[in-house]
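Residue numbers (my numbering), protein chains in the order written: chain E, 1 to 384; chain V, 1 to 384.
Source of the hints: derived by calculation from the structure; they are not laboratory data.
Watch out, some of these pointers could steer you wrong.
If several chains are the same, the list does not tell them apart, and a pair holds so long as it fits within one copy or across any two.
Said to hold, decoys possible - When the alpha-carbon atoms are kept at most 30 Å apart in a straight line, the in silico DSSO-like pairs for lysine-lysine are as follows:
| hint | residue 1 | residue 2 |
| --- | --- | --- |
| 1 | Lys307 | Lys236 |
| 2 | Lys236 | Lys300 |
| 3 | Lys236 | Lys337 |
| 4 | Lys307 | Lys65 |
| 5 | Lys213 | Lys275 |
| 6 | Lys275 | Lys300 |
| 7 | Lys307 | Lys275 |
| 8 | Lys65 | Lys337 |
| 9 | Lys337 | Lys300 |
Just so you know, these numbers come straight off a predicted model, no measurement behind them.
Protein chains: 2
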Amino acid sequence: MLIATSQSLHFEAPLPLQSGASIRAYDLAFETYGTLNADQSNAVLICHALNASHHVAGVYTGQAKSEGWWDSMIGPGKPVDTNRFFVIGVNNLGSCFGSTGPMHINPDSADGQVYGADFPVVTVEDWVDAQARLLDRLGIGTLAAVMGGSLGGMQALAWTLRYPQRVRRAVAVASAPNLTAENIAFNEVARRAITTDPDFHGGHFYRHGVVPKRGLRIARMIGHITYLSDDVMNAKFGRQLRHAVQDAAAHSDYRYSTQEVEFQIESYLRYQGDKFADYFDANTYLLITRALDYFDPARKFDGSLTKALAAARSKFLLISFVTDWRFAPSRSREIVKALLDNQRDVSYAEIDAPHGHDAFLLDDVRYHGVVRSYFDSLGTEVGV
Amino acid sequence: MLIATSQSLHFEAPLPLQSGASIRAYDLAFETYGTLNADQSNAVLICHALNASHHVAGVYTGQAKSEGWWDSMIGPGKPVDTNRFFVIGVNNLGSCFGSTGPMHINPDSADGQVYGADFPVVTVEDWVDAQARLLDRLGIGTLAAVMGGSLGGMQALAWTLRYPQRVRRAVAVASAPNLTAENIAFNEVARRAITTDPDFHGGHFYRHGVVPKRGLRIARMIGHITYLSDDVMNAKFGRQLRHAVQDAAAHSDYRYSTQEVEFQIESYLRYQGDKFADYFDANTYLLITRALDYFDPARKFDGSLTKALAAARSKFLLISFVTDWRFAPSRSREIVKALLDNQRDVSYAEIDAPHGHDAFLLDDVRYHGVVRSYFDSLGTEVGV
Chain E
1 MLIATSQSLH FEAPLPLQSG ASIRAYDLAF ETYGTLNADQ SNAVLICHAL
51 NASHHVAGVY TGQAKSEGWW DSMIGPGKPV DTNRFFVIGV NNLGSCFGST
101 GPMHINPDSA DGQVYGADFP VVTVEDWVDA QARLLDRLGI GTLAAVMGGS
151 LGGMQALAWT LRYPQRVRRA VAVASAPNLT AENIAFNEVA RRAITTDPDF
201 HGGHFYRHGV VPKRGLRIAR MIGHITYLSD DVMNAKFGRQ LRHAVQDAAA
251 HSDYRYSTQE VEFQIESYLR YQGDKFADYF DANTYLLITR ALDYFDPARK
301 FDGSLTKALA AARSKFLLIS FVTDWRFAPS RSREIVKALL DNQRDVSYAE
351 IDAPHGHDAF LLDDVRYHGV VRSYFDSLGT EVGV
Chain V
1 MLIATSQSLH FEAPLPLQSG ASIRAYDLAF ETYGTLNADQ SNAVLICHAL
51 NASHHVAGVY TGQAKSEGWW DSMIGPGKPV DTNRFFVIGV NNLGSCFGST
101 GPMHINPDSA DGQVYGADFP VVTVEDWVDA QARLLDRLGI GTLAAVMGGS
151 LGGMQALAWT LRYPQRVRRA VAVASAPNLT AENIAFNEVA RRAITTDPDF
201 HGGHFYRHGV VPKRGLRIAR MIGHITYLSD DVMNAKFGRQ LRHAVQDAAA
251 HSDYRYSTQE VEFQIESYLR YQGDKFADYF DANTYLLITR ALDYFDPARK
301 FDGSLTKALA AARSKFLLIS FVTDWRFAPS RSREIVKALL DNQRDVSYAE
351 IDAPHGHDAF LLDDVRYHGV VRSYFDSLGT EVGV
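Can you build the whole structure from these sequences, using the hints too?
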């Protein structure tokens, strides 16, 4: 079993941000798995999505249930094989899992207050810049691969554009070249649920000793609906009721209540919402969904993704899932087309998995087979 | 121009409900358009969906902008032609537009309080029973047609099962034989936004002089996303920004804010949410979404829709829209198949309109053509 150890590095130099602001100084939490080879050619950077961290693979000592979020994909003998590759997981700025974020002390605050709503807006490009500095400190010039799913795939794509010479291959799973209006709409409803929660206090809830849990619960429930396919929801929950009615004389098996749980799907969503609200930071939720909204490499090229991706030099693997209605296969195909327009080396797999967007975290055999084969050939290429 | 007049009738006899409870006495608000013919053969009942009322067609005197919610469909010379048919719009029990609902005095309350959360849970079948009593009072035995879209289509279907001898034709547009887990999930998130709003007070907010507007806004925003197609959202809003940046030296056209409106779609949703929260009743929202959740005629037949629909005697017209992902065409086809299994007379049209679920309220020429032709032949059949 792979044992993970959380590490952290402090960065003194301010990080200039896309917004024009900057972060004065910051810490990045990260983990590494496997061994960096002598010529530093086997490094793989894993980028995370909304609700994840630098804890990508393995477990912490003495915590058997603490598997990293992509443990099915990454580890000894797994598709991304840590016996061959040196894998790095990093927690992004603004997150709530170890790197500097809204719940940390704002160095610009005269009386030592935490950032809260004053944490600067960070973008996918800002995260990539911060990750590049981490690689500098780790002595890694070129990545064998950068890889991520969903928002993590956007970071992989951004890497190939901001640091084209530092990426050999990029793997983007269940990703998109930008958000659609509907994607933004779901993000916005979730954000409004948080910001209109009376416990939000304009983002400075920490100093009031409260947490906008109502809003976080709603945000998570909305998120969960968009992560799953209609089919998998019907298969898992369908119209099943939460409580079997014991009274044989009952008029019906319904309880007839507007406020109590009636269906299993309601119970599931409430549970997910409660769990999330207990650990996730509300300002982080706003920051990360905004980073999603803002990502749009084609924007500076009059909407031409082909022109935007002309800067990329790496090889690419794109993977999508047919039941993913959040980042549908058509969105991955837009990236594939733009790369082919630029004569880039692209592999693309569209996997007929039933799980919707969440499929990127699961271990479909075809999906993992594609990734394994891609990293096998990459290992040969870099001599590991 | 058709002039509409809102009417109301009081019903003294208690109405037994599916839940086993009953409503002691109640009023139903309704409107009629056109003239009932001598043999009462030309009556058409229109059933409404979540956010609509008995004001189906025409305008109120002196209020030019007060068109009924299906005015494009119903009126003199329109697909449902009020020169030939006597059309009835009725507001359902539990609604907030005139019929008895949660904001009315509870006759069981010792101190004259309004129902609030004590309003009994009502189902599609209960509404149909109440509508049947209204027809009794209007002297109408058999309906030439019962018609509705979305939840209104469910009522049309329920009519053919509860009162098979009283319906000549049923028209269900953008409807479904029950809700999927995903449909219920969206309803539940909206309800949780309302019930966890501190101003909800367990549904008795009236006596606190407040309204759970935060929750109503979120509920409406979620609803709006599910009423529109991804395509129409992209066409109408795409990634357009709300404010053009005036500063030519600006780093970007983004404003970089997590809480302010950045995209047009956000502005649209906030506006829709604000408007809705100003007039819609929170308890009504819970009641109507629960009626949607509970509707499931196949439930008492071990899930067999074919067995459930064996009771129906009317002719049917089903219409769906290919971009409707809330009540997708596949759901209408389930109904069509179950009716055909029972050798019923069914017409079905699947319209390639871009607007998603909302298409049922719009005036696509093919959609209206199908309805017009169906009511033309019905008019001939009943001699008008």
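Results of checking the hints against the structure:
no.	hint	result
1	Lys307 to Lys236	between (43 Å within a copy, 25 Å between copies)
2	Lys236 to Lys300	between (43 Å within a copy, 21 Å between copies)
3	Lys236 to Lys337	between (35 Å within a copy, 25 Å between copies)
4	Lys307 to Lys65	neither (45 Å within a copy, 48 Å between copies)
5	Lys213 to Lys275	both (10 Å within a copy, 26 Å between copies)
6	Lys275 to Lys300	neither (39 Å within a copy, 35 Å between copies)
7	Lys307 to Lys275	neither (43 Å within a copy, 42 Å between copies)
8	Lys65 to Lys337	neither (41 Å within a copy, 48 Å between copies)
9	Lys337 to Lys300	within (19 Å within a copy, 51 Å between copies)
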